[in-house]
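2 protein chains.
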Amino acid sequence: MAEPLFRRLALIGVGLIGRSVARVARARGNIAAEIVATARSEATRERVRELGLADRVVATAEEAVAGADCIMLCAPVGAYAALAQAIAPHLSPDAILTDVGSTKQSVIRDVGPLVPGGVHFVPAHPLAGTEHSGPDAGFAELFEGRWCLLTPPPGTDEAAVEKTAELWRRCGSMVTTMEPAHHDRVLAIVSHLPHLIAFTICGTADDLESQSREEVLQFAASGFRDFTRIAASDPVMWRDVFLNNREALLEMLARFMEDAQAMARAVRWGDGAYIEHRIERGRVIRRGLIERKQA
Amino acid sequence: MAEPLFRRLALIGVGLIGRSVARVARARGNIAAEIVATARSEATRERVRELGLADRVVATAEEAVAGADCIMLCAPVGAYAALAQAIAPHLSPDAILTDVGSTKQSVIRDVGPLVPGGVHFVPAHPLAGTEHSGPDAGFAELFEGRWCLLTPPPGTDEAAVEKTAELWRRCGSMVTTMEPAHHDRVLAIVSHLPHLIAFTICGTADDLESQSREEVLQFAASGFRDFTRIAASDPVMWRDVFLNNREALLEMLARFMEDAQAMARAVRWGDGAYIEHRIERGRVIRRGLIERKQA
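These protein sequence lines map, in sequence, to chains A and B.
So for the first sequence, numbering that gives the first Met the number 0 puts the first residue at 0; every next one is plus one.
So for the second sequence, numbering that gives the first Met the number 0 puts the first residue at 0; every next one is plus one.
Hints were generated in silico from the structure; no laboratory data involved.
Please note that the accuracy of each hint is not assured.
[What the hints assert, rightly or not] Examples of chain A residues lying across from chain B (beta carbon under 8 Å, computed):
1) Pro193
2) Leu195
3) Ile200
4) Glu214
5) Arg267
6) Gly269
Even for Gly, the Cβ is constructed at its ideal location relative to N, Cα and C.
Please model the entire structure based on the sequences and the hints provided.
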């Protein structure tokens, strides 16, 4: 077994991602010699203790980061600015500060200016996650075969980037770097917009007069079921993602709405050729996914 | 084993649904003593012969219905009017004419007036289906535990409705009757709109400039993957569904678009409470589905 990458890994937040990182670090043994975890609520901290996910569970982020050579922010991205403010004075020189947030420009905007000289800031985004959240979610295989995108700001220490990449490779991920603005645009279309749409259509159904609503639940065909699977995700996490990737999300939503209006128009005027053509394009994308073994 | 319900079942069209009905009728043995099938293309007919799914495979719908006491239309709903025209003179007195289409008002509009006196017209819609279509799709378990909705027009012979219900029960389905307009409204929100949205967002992604499109495929997170799963369905079938449930689909789409615009506005103006509240409603619907064991 290889030497652990880090002496002490501090996990700030233990939702699905933080917990899964703890589990894989435990299982592999070559990521960190010691795991320190913290969570905002005492109930979550207690559960992490019960599950034995960390060597130490502490009450505050300040305590958690003290003496750690790798600090990973695993909280909703809307909490990063306050967290960075709190931990900055307690970070060890030469430590790597990284995160797992789904928006990267906002993270660099909120955290970047607060990082003390000598600390290496390497924003990261593991493309993993299920509709499950909360204390008992999380499993060691979550990152297996999935991408982790690193978005280091210009001038970031290359050894720190490589060490962060190695952390994710040891979690089972494939790693690549990406420009932060480009990351936010790609994620807007592959993840943020689909989630916004799924949340919205569930609300639309829920607004129907009560008899129809009951039947929506009873007869939910596969189409709607897939949407509710997405829509069962954590509200605070997703609220923060939407608010922190506003520009790219609104652009993709605007494009989608134009396309949906064009479909509505084709349905209204009976333009079968247009509809068929648009449906056919979905199959092209699908085939592309299968070829890339992502399906 | 119970006596077969029908002497001769004629399947007009052998896509996913027709083929699965053939398989379950073969497997159970208590649905029809003889299965006759037809399809528009010679290639499909040949494949049905190879797979041994029917006792006889014939070239035309007219031949298929001759002497059958149950005729099931399993073609895209846009083809029903022409099919009904073609088969009407060849239907046996007292035969049951049924179908599996996803829109019911249009089927009653297109087929109803052409049904000869003495023939019982019992429209039906099995809520089953996957993203697979074409010659080799179809399996005997497709209808197991799923709903089949019957929408008999007023005055339909009750024994014929009961016999059609029994056919679907023997396929493993739960059966209920529904008013046709209400069926179309419920299906618009649980199935037709989700498919329209999924097809649309795949097109939106496909329209992105080529570099982003490549990365959409590479980094497709779970949200987008679920959409492409839906979007891989048969273009002609779905084109016909959209065009034949126009009113209900456009109404549900308009409601959805209003709700999506409200989300966009909340994202633009940073209204976190609104966003969180809307996301929370998705979870309510999700819990409702789980309670009904449909999830």
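Hint check: is the beta carbon of Ile200/A less than 8 Å from a beta carbon of chain B?
-> This hint holds: Ile200/A lies near chain B, its Cβ roughly 6 Å from the closest one there, short of 8 Å.
Given hint Arg267/A near chain B, where the shortest CB pair must fall under 8 Å = Holds - the Cβ of Arg267/A comes within 8 Å of chain B, reaching about 6 Å at its closest.
So, Glu214/A near chain B? Judge it on the closest CB pair being under 8 Å.
-> The hint holds - Glu214/A has a Cβ within 8 Å of chain B, the shortest such distance being about 5 Å.
At a threshold of 8 Å, is the proposed contact between Pro193/A and chain B supported by beta-carbon distances?
-> Holds, because the Cβ-Cβ distance from Pro193/A to chain B comes to roughly 3 Å (cut-off 8 Å).
Against chain B, with CB atoms and a cut of 8 Å, does the hint on Gly269/A hold up?
-> holds, 6 Å
Hinted contact Leu195/A with chain B - closest CB pair below 8 Å | holds, 6 Å
Every hint from the earlier list agrees with this structure, and none is contradicted.
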